[in-house]
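Sequences listed follow chains A and B, in order. Residues 1 to 241 in my numbering are what the first sequence spells out, letter by letter. Residues 242 to 343 in my numbering are what the second sequence spells out, letter by letter.
FYI, nobody ran anything at the bench for these hints, they're computed from the structure. Positions of the beta carbon are idealized from the N, C-alpha and C atoms, including for glycine. Do not take every clue at face value.
If you want a taste of the chain B side facing chain A, the calculated C-beta under 8 Å gives, among others [to be verified]:
1. P285
2. T288
3. G290
4. S303
5. W305
6. L308
7. G310
8. L340
9. F341
10. I342
In silico lysine to aspartate or glutamate, EDC-like type, Cα no more than 16 Å apart, as pairs [to be verified]:
11. A:K98 <-> A:E76
12. A:K125 <-> A:E165
13. A:K15 <-> A:D126
14. A:K188 <-> A:E227
15. A:K184 <-> A:D126
16. A:K188 <-> A:E230
17. A:K130 <-> A:E230
18. B:K282 <-> B:E272
19. A:K130 <-> A:E165
20. B:K269 <-> A:E227
21. B:K282 <-> A:E97
22. B:K269 <-> A:E165
23. B:K282 <-> A:E10
24. A:K130 <-> A:D102
25. B:K269 <-> A:D126
26. A:K130 <-> A:D101
27. B:K282 <-> A:D126
28. A:K98 <-> B:E302
29. A:K106 <-> A:D126
30. B:K269 <-> A:E10
31. A:K130 <-> A:E97
32. B:K282 <-> A:D102
Read off the chains here:
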Amino acid sequence: MAELLLQSREVPFRKGLQAGVSIAIGYAPVALTFGLLAKTTGLTFIETVLMSMVVFAGASQYMALSLISLGTSIFEIIFTTFIVNIRHFLMSTALNEKAEDDSLIKKALYSFGITDESFSVIATKDGVQKTGFILGVNIIGYMSWVTFTALGFVVGASLPHVLQESMAVALYAMFIGLLVPSMKGSLKVVYLAAVAAALNTIFTFTGALSTGWSIVIATLMSSVLIEVIEGIKRGNRQNEQ
Amino acid sequence: MSNEVLWLIIGMGLVTYLPRVAPFLLFKGKELPVFVQSVLKNVPYATLGALIFPGILLIGESIWYGLLGAAIAFIVAYIGANVVFVVLSAIIVLSGYSLFIS
Chain A
1 MAELLLQSRE VPFRKGLQAG VSIAIGYAPV ALTFGLLAKT TGLTFIETVL MSMVVFAGAS
61 QYMALSLISL GTSIFEIIFT TFIVNIRHFL MSTALNEKAE DDSLIKKALY SFGITDESFS
121 VIATKDGVQK TGFILGVNII GYMSWVTFTA LGFVVGASLP HVLQESMAVA LYAMFIGLLV
181 PSMKGSLKVV YLAAVAAALN TIFTFTGALS TGWSIVIATL MSSVLIEVIE GIKRGNRQNE
241 Q
Chain B
242 MSNEVLWLII GMGLVTYLPR VAPFLLFKGK ELPVFVQSVL KNVPYATLGA LIFPGILLIG
302 ESIWYGLLGA AIAFIVAYIG ANVVFVVLSA IIVLSGYSLF IS
């Protein structure tokens, strides 16, 4: 019986680790590049690895590097980080609806590991998600991020330039790999992604919003708009009957 | 390690963790209005759209580099390949493109 219980706890965790393999691979090039850039920016090895361990958010870590090299004040860098990462609020809120009921401590623990990538992997799966599964996905991504940051600091500069360049596509390819299977089954998913992509592109190229806000607003507008349109359509169909 | 960088890392860590953890502390889950719950169910797919575009267009010197990567990833994913395979094929094709074509 005890063994059975243990198994039922371990299986979701192991499945999470498996589902997170694509994240671990996708992070490798991004973290390698971060390690390399941090070194050229003048951070020490410890500082570089510590930043990946404590912050664990790719875009804002890159941004911090370029702000550091521009001589920006600490306060400004921290504020920019907050704006860039505010989108996680939306993701955590959505994930909270999907996650199994569990203690607040466990949720507070795994919420540290919520990223664009882990959220995408967990939230595109059907049904309620187990704590173990979420933890598994987040942990394997975290280990990859920290390990490859360190590796990038040490050996990043010796990677072939062509590979350094092409690895920039990794995370985007992963997002596409996660989105396409859901698109096949549902026109709604196609609309949701297309509208958000179009809005974010407009906001970005017109310079109307900073990157952090742009993703949040585009996502929200698309999610609400498509839901409202679907509601109206459903209402019309009911009226006709 | 300089004190300044240490404070920077701590500050960045705090403001990044805050939006990640806050919803779990604020909401118990399942108590939000039905409409809000439906909107939240849409969020993952809309987020993916916004994360892909326009970011992928800006990874190379011309937008064609990113578009080629997007096209490869789309096709490989459409065939039904695993995400790991999607990522690797996009990297390999773009490396080949840089080496042999441009």
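Hints and how they fare:
1. P285: Holds, because the Cβ-Cβ distance from P285 (chain B) to chain A comes to roughly 4 Å (cut-off 8 Å).
2. T288: Nearest chain A Cβ about 5 Å off; hint holds.
3. G290: holds (3 Å)
4. S303: Given a least distance of 13 Å, the restraint on S303 (chain B) is violated.
5. W305: violated (13 Å)
6. L308: violated (11 Å)
7. G310: Since chain A brings a Cβ to about 4 Å from G310 (chain B), closer than 8 Å, the hint holds.
8. L340: At 6 Å from the nearest chain A Cβ, L340 (chain B) passes the 8 Å test, so the hint holds.
9. F341: Because about 10 Å separates F341 (chain B) from the closest Cβ in chain A, which is outside the 8 Å limit, the hint is violated.
10. I342: violated (12 Å)
11. A:K98 <-> A:E76: Judged against 16 Å, a Cα distance of about 35 Å means the pair is violated.
12. A:K125 <-> A:E165: Answer violated: K125 (chain A) to E165 (chain A) is near 31 Å, above 16 Å.
13. A:K15 <-> A:D126: Holds. K15 (chain A) to D126 (chain A) sits at ~14 Å (cutoff 16 Å).
14. A:K188 <-> A:E227: holds (9 Å)
15. A:K184 <-> A:D126: holds (15 Å)
16. A:K188 <-> A:E230: Between K188 (chain A) and E230 (chain A) the Cα gap is close to 9 Å, so the pair holds against 16 Å.
17. A:K130 <-> A:E230: violated (30 Å)
18. B:K282 <-> B:E272: The given pair, whose Cα atoms are some 14 Å apart, holds under the 16 Å limit.
19. A:K130 <-> A:E165: violated (37 Å)
20. B:K269 <-> A:E227: Judged against 16 Å, a Cα distance of about 23 Å means the pair is violated.
21. B:K282 <-> A:E97: Holds - the C-alpha atoms of E97 (chain A) and K282 (chain B) are around 9 Å apart, at most 16 Å.
22. B:K269 <-> A:E165: violated (43 Å)
23. B:K282 <-> A:E10: Violated: K282 (chain B) and E10 (chain A) sit about 27 Å apart, past 16 Å.
24. A:K130 <-> A:D102: holds (9 Å)
25. B:K269 <-> A:D126: Not satisfied, since the Cα-Cα distance of roughly 20 Å exceeds 16 Å.
26. A:K130 <-> A:D101: Holds, at roughly 8 Å.
27. B:K282 <-> A:D126: holds (11 Å)
28. A:K98 <-> B:E302: violated (40 Å)
29. A:K106 <-> A:D126: violated (22 Å)
30. B:K269 <-> A:E10: violated (25 Å)
31. A:K130 <-> A:E97: The hint holds at about 12 Å.
32. B:K282 <-> A:D102: violated (20 Å)
When held up to the earlier numbered hints, the structure conflicts with 4, 5, 6, 9, 10, 11, 12, 17, 19, 20, 22, 23, 25, 28, 29, 30, 32 and fits the remainder.
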